[in-house]
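Participant: Residue numbers (my numbering): 2 to 423.
No lab work stands behind these hints: they were computed from the structure. Some clues are possibly wrong.
[Unchecked claim] Beta-carbon label-pair distances, calculated as ranges:
hint	residue 1	residue 2	range
1	P295	A84	37 to 45 Å
2	L184	P405	27 to 35 Å
3	N38	D325	21 to 29 Å
4	N38	P286	16 to 24 Å
5	E337	A7	28 to 36 Å
6	P286	I136	35 to 43 Å
By construction, the Cβ of each residue, glycine as well, lies at the ideal position given by its N, Cα and C atoms.
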Amino acid sequence: MDDRLAFLWEAAASPEKTETIPDELPVQCSFAHRAPNAEGEVELQYWPARVGCGSPPEQLTVFILGNPGLLNYYLPFLHHLHALLPPTHAILSTSHIGHSPSLPAPPTPLDLPQQLEAKVELVSALRSTLDAWHIQAILGSGSDSSASDHDAGVGGAGASPPRLDLMGHSVGAWMLCEVMKRLPGDVGRGFMLFPTVGWISESWNGRTLWGPTWAKWFNVPASRHPIPTSVPTSAPISVYVRTVADNVSAHLPVASPSSAENFPHPIFHRPLRPLLPILSPLLRPILPLTFLPPTTLTLLRSPRTISACLALARSEMAHIREPDLAWFAAQAESPEVGVHGVWSGAHGDGWVGREGDLVRSQLGGQEGGRVRVVHGVPHAFCLTQEHSELVAEIIAHWINPSIPTPPSETSVEPPELAPVPM
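Input sequences plus hints: build the corresponding full structure.
Facilitator: Structure follows, in structure tokens:
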């Protein structure tokens with residue numbers, strides 16, 4: 002078994018703690034990538050199975066984050082999903098190399114193909130480790146618990162190998178699809194959340210946030226790639242604030258106790274955004290006085306993390322082009338495997354363009370059972386408790402059909418929303 006994944010069996014519930022205390026989750030861990038041109042340590046969070054001491058989980062769902070890849074944005078979503086799933090299921094969420102302010106970052110930020118190589122390495126290591134762990138359990142390792150494990154349907158002789166599924170948000174959904182293409186025998190199902198799987202540079206946000214404005218801002222001719230690959234560490238704070246503003250505006254909520262409508266919305270809208278180069282030198286000392294969540298403050302204080310986010314975003318625009326519609330059509334052929342997806346309705350997602358309808362059609366539409374279109378839920382669904390729980394319930398039903406699913410016409414109105422602490 003891969004020692005880099007030792008947290009999997011170290012976190013397995015002991016006989017005295019078959020019900021892990023929710024406050025102790027997730028388990029904070031990391032993975033040291035060694036893939037060529039994709040080396041570096043990445044931050045992980047793990048929700049172990051609640052039963053089956055010493056044995057692998059019946060199913061492990063690996064969640065690939067969007068961009069920026071800060072794990073704590075997704076805690077409410079993954080907490081709720083873990084609570085809904087059977088106690089034999091586990092969840093592992095993975096950030097991207099260079100997207101964790103607390104870990105060392107590569108000297109040069111990784112692009113999308115390099116981040117993909119890292120995800121392929123992680124999933125391959127998980128598959129081989131789960132299989133080895135399963136065989137070890139069958140051969141009688143941990144004999145004191147083998148009988149109870151068999152009764153629980155976990156690990157005992159004759160049990161099926163652990164199932165490995167993937168789940169991804171935004172660009173994480175694109176990575177999910179590419180990993181499934183590269184490792185077709187290692188992954189069962191893929192669950193795409195507001196996926197950016199085609200022509201992202203032609204989406205509304207792709208055109209408005211990464212178009213000619215960048216060429217003017219960085220004095221780069223429009224015919225040359227206008228999107229900055231990185232921001233030099235010697236640049237003034239105004240550069241960092243300006244670049245992160247456009248890149249992650251959809252992820253940054255404002256929550257004021259005196260606000261009549263206490264729900265998140267982008268804080269860098271016009272007319273404020275053009276003033277940021279003037280105002281931004283004042284932002285660093287006043288950040289502690291804002292109502293921004295800790296995760297966002299951590300990002301804004303880390304220039305190298307911002308640089309990594311920008312490098313990945315630029316690479317997304319260059320590499321996420323025409324979707325593989327034939328591959329998506331093939332994913333709908335077997336009920337036991339393949340891809341499912343959640344989209345925002347009524348053009349509510351500025352990062353998804355015409356490919357949304359095309360991919361949904363290939364998957365059989367909402368009538369086929371693999372597609373859900375939710376209204377009133379934005380791309381950055383993870384910023385409110387209501388949206389997080391709604392999406393978690395949809396995924397939980399796909400994983401285990403005995404779990405009730407929200408109505409097909411589910412809609413969440415903005416006044417009902419409340420920001421979640423992160």
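Participant: So, against the hints stated earlier in the document, which numbers end up violated here?
Facilitator: Hints 1, 4, 6 not satisfied by this model.
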